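2 protein chains.
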Amino acid sequence: MTKLQQTKGILFLVGIGPGDHRDMTARAIAVLRNCDIVVGYSRYIDLVQPFIEGKEVISSGMSREIERCSLAIAAACRGKNVALISSGDAGVYGMAGLALQLLSKKKLRDKIVVEVVAGVPVVNAAAARLGAPLMNDYAVISLSDLLTPWEVIVKRLTHAAQSDMVICIYNPRSAGRRRQIREAQAMLLQYREKNTVVGIARNVGREGESVTITTLGGMLRYKIDMLTVLIIGNSTTTLCAGAMLTPRGYKL
Amino acid sequence: MTKLQQTKGILFLVGIGPGDHRDMTARAIAVLRNCDIVVGYSRYIDLVQPFIEGKEVISSGMSREIERCSLAIAAACRGKNVALISSGDAGVYGMAGLALQLLSKKKLRDKIVVEVVAGVPVVNAAAARLGAPLMNDYAVISLSDLLTPWEVIVKRLTHAAQSDMVICIYNPRSAGRRRQIREAQAMLLQYREKNTVVGIARNVGREGESVTITTLGGMLRYKIDMLTVLIIGNSTTTLCAGAMLTPRGYKL
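Protein chains in written order, with this note's numbering: chain F, 104 to 355; chain P, 104 to 355.
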């Protein structure tokens with residue numbers, strides 16, 4: 104008797120971009136349209152609704168990443184093609200890493216096919232709305248100390264500040280985490296001028312999008328929350344016809 | 104007599120992603136399909152050929168960015184809708200900043216509409232192919248000292264190395280610039296172990312794509328050129344079932 108060839112399930116780790124469907128990649132859209140099951144944080148599931156109508160959906164609330172990831176892996180192990188979605192890029196503070204870690208821990212890696220589908224990171228979409236603040240070297244740092252000790256974050260911020268790289272800040276503040284952005288600002292002011300150009304982008308690509316250009320000294324006057332990214336300019340960052348610009352060294 | 108309303112030309116600064124059409128955003132594809140004129144480095148024009156058939160194209164060779172940018176601006180000032188393309192994200196070592204600088208210098212900013220169209224940065228596409236190396240804080244640094252003094256680059260690398268951020272390296276080596284990657288490696292080895300995990304991605308999303316996972320000590324044994332990006336892991340980066348992974352602090 105011939106054994107039927109078993110086709111492995113595929114786990115796609117999909118970055119859906121910042122939120123606006125036009126910023127999704129063709130590959131992300133195709134994966135969502137063609138998969139069997141979509142798994143994600145309920146807010147992100149809402150963002151991709153037009154592409155997944157009629158599909159099986161597994162969604163849950165904030166900070167239940169491990170649960171969602173385990174459910175997605177289990178479905179792929181049953182032979183399903185599963186899209187586990189993250190906002191922005193699945194590889195930047197998203198679900199790609201957790202999925203690999205869990206697959207390894209559960210010794211299930213060779214049971215399924217895994218594909219990471221890169222998306223436009225939120226900070227790059229924010230930069231596009233602000234102008235061109237990331238034209239020179241930059242650091243990307245999350246202020247959330249839920250998964251990284253605060254001392255480590257401070258050390259990174261301190262080095263980044265001294266290096267004169269542009270600094271992109273994710274997760275600057277949440278309802279229960281209000282101190283970090285104040286401490287970060289105070290630390291940055293030790294190395295950068297008060298009038299350093301700062302871009303604040305909230306809800307990029309989503310309802311209520313707002314983009315503000317201000318200064319390092321003045322930035323705390325604006326609304327900053329979990330859906331905000333900040334871009335702290337380097338010493339050469341300027342306002343250029345209303346846009347935030349970090350020039351490269353072109354001789355014009 | 105009623106004066107006809109003059110419609111302003113639009114200059115789109117379009118990131119086309121790493122090269123594979125599936126990694127382009129829906130917005131980038133739509134802009135290319137609908138614009139009047141496409142301007143870009145000839146190699147990138149080839150990459151988007153299917154979307155621009157029959158359109159007017161202005162292309163030129165490498166390092167003629169200022170010329171291309173000026174031609175794109177001039178066309179937009181004549182009322183045309185112009186797509187000036189960059190690979191990856193137009194806002195990361197791309198054309199967005201130069202366009203804003205030139206518009207400001209020529210005092211033409213209010214003559215046209217400008218829109219930056221973010222794309223998947225090459226390094227994020229590389230990360231997806233390698234696994235999930237950018238799940239924690241990272242720095243993006245170009246080794247090209249054509250536009251940034253080498254001392255500034257070394258200072259940034261040194262701080263990034265000490266901060267234990269993952270380090271993404273653009274433009275590691277060209278035909279005429281071979282010393283920088285050796286110096287960078289020597290410097291990084293002062294702060295990171297020889298067996299630090301390093302990902303090397305060449306021609307991501309293009310013909311001849313290759314992806315290698317090696318170590319900081321061994322990385323110079325592999326082919327590294329202008330179409331290569333390197334991702335230097337932090338102290339926690341590991342190999343996880345054949346993939347490069349920088350874990351976040353989830354308790355599993």
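Simulated from the structure, these hints should not be mistaken for lab results. Where hints are given, some of them may not hold.
Any copy, or any two copies together, can satisfy a pair, since identical chains are not distinguished.
Once the Cα atoms are required to be at most 25 Å apart in a straight line, the calculated SDA-like pairs of lysine to any residue come out as [to be verified]:
no.: 1; residue 1: 258; residue 2: 352
no.: 2; residue 1: 158; residue 2: 314
no.: 3; residue 1: 258; residue 2: 289
no.: 4; residue 1: 111; residue 2: 214
no.: 5; residue 1: 214; residue 2: 345
no.: 6; residue 1: 354; residue 2: 165
no.: 7; residue 1: 354; residue 2: 110
no.: 8; residue 1: 214; residue 2: 251
no.: 9; residue 1: 258; residue 2: 294
no.: 10; residue 1: 111; residue 2: 160
no.: 11; residue 1: 354; residue 2: 205
no.: 12; residue 1: 208; residue 2: 316
no.: 13; residue 1: 258; residue 2: 319
no.: 14; residue 1: 208; residue 2: 298
no.: 15; residue 1: 214; residue 2: 280
Small disclaimer: the values here were computed from a predicted structure and weren't measured.
For each hint, the structure was consulted:
For the homomeric pair residue 258 and residue 352, the shortest alpha-carbon distance between copies (17 Å) is at most 25 Å, but the shortest distance inside one copy (29 Å) is not. Neither within a single protomer nor between protomers do residue 158 and residue 314 lie at most 25 Å apart by alpha-carbon distance, with minima of 35 Å and 34 Å respectively. Taking the closest pair of Cα atoms, residue 258 and residue 289 come within 25 Å of each other both inside a single copy (14 Å) and across two copies (22 Å). In the homo-oligomer, the alpha carbons of residue 111 and residue 214 lie at most 25 Å apart inside one protomer (7 Å), although the nearest pairing across protomers, at 56 Å, exceeds that limit.
Within a single copy, residue 214 and residue 345 get their C-alpha atoms only as close as 53 Å, which misses the 25 Å cut-off; across copies the closest is 14 Å, which meets it. In this homomeric assembly, residue 354 and residue 165 come within 25 Å of each other (Cα to Cα) only across copies, at 16 Å, whereas the closest approach inside a single copy is 48 Å. Taking the shortest alpha-carbon separations for residue 354 and residue 110, neither the intra-copy value of 57 Å nor the inter-copy value of 32 Å comes in at or below 25 Å. Taking the shortest alpha-carbon separations for residue 214 and residue 251, neither the intra-copy value of 31 Å nor the inter-copy value of 47 Å comes in at or below 25 Å.
Proximity of residue 258 to residue 294 under the C-alpha cut-off of 25 Å is found in both arrangements, the shortest distances being 13 Å within a copy and 14 Å between copies. In the homo-oligomer, the alpha carbons of residue 111 and residue 160 lie at most 25 Å apart inside one protomer (20 Å), although the nearest pairing across protomers, at 45 Å, exceeds that limit. With identical chains, the CA atoms of residue 354 and residue 205 are at most 25 Å apart between copies only, with a shortest distance of 10 Å across copies and 50 Å within one. In this assembly of identical chains, the alpha carbons of residue 208 and residue 316 lie at most 25 Å apart only when taken from different copies (21 Å versus 44 Å within one copy).
Taking the shortest Cα distances, residue 258 and residue 319 sit within 25 Å of each other both inside one copy (19 Å) and across copies (22 Å). For a Cα distance limit of 25 Å, the shortest separation of residue 208 from residue 298 across copies, 23 Å, qualifies, whereas the shortest one inside one copy, 48 Å, does not. In this homomeric assembly, residue 214 and residue 280 never come within 25 Å of each other (Cα to Cα): the closest approach is 40 Å inside a single copy and 44 Å across copies.
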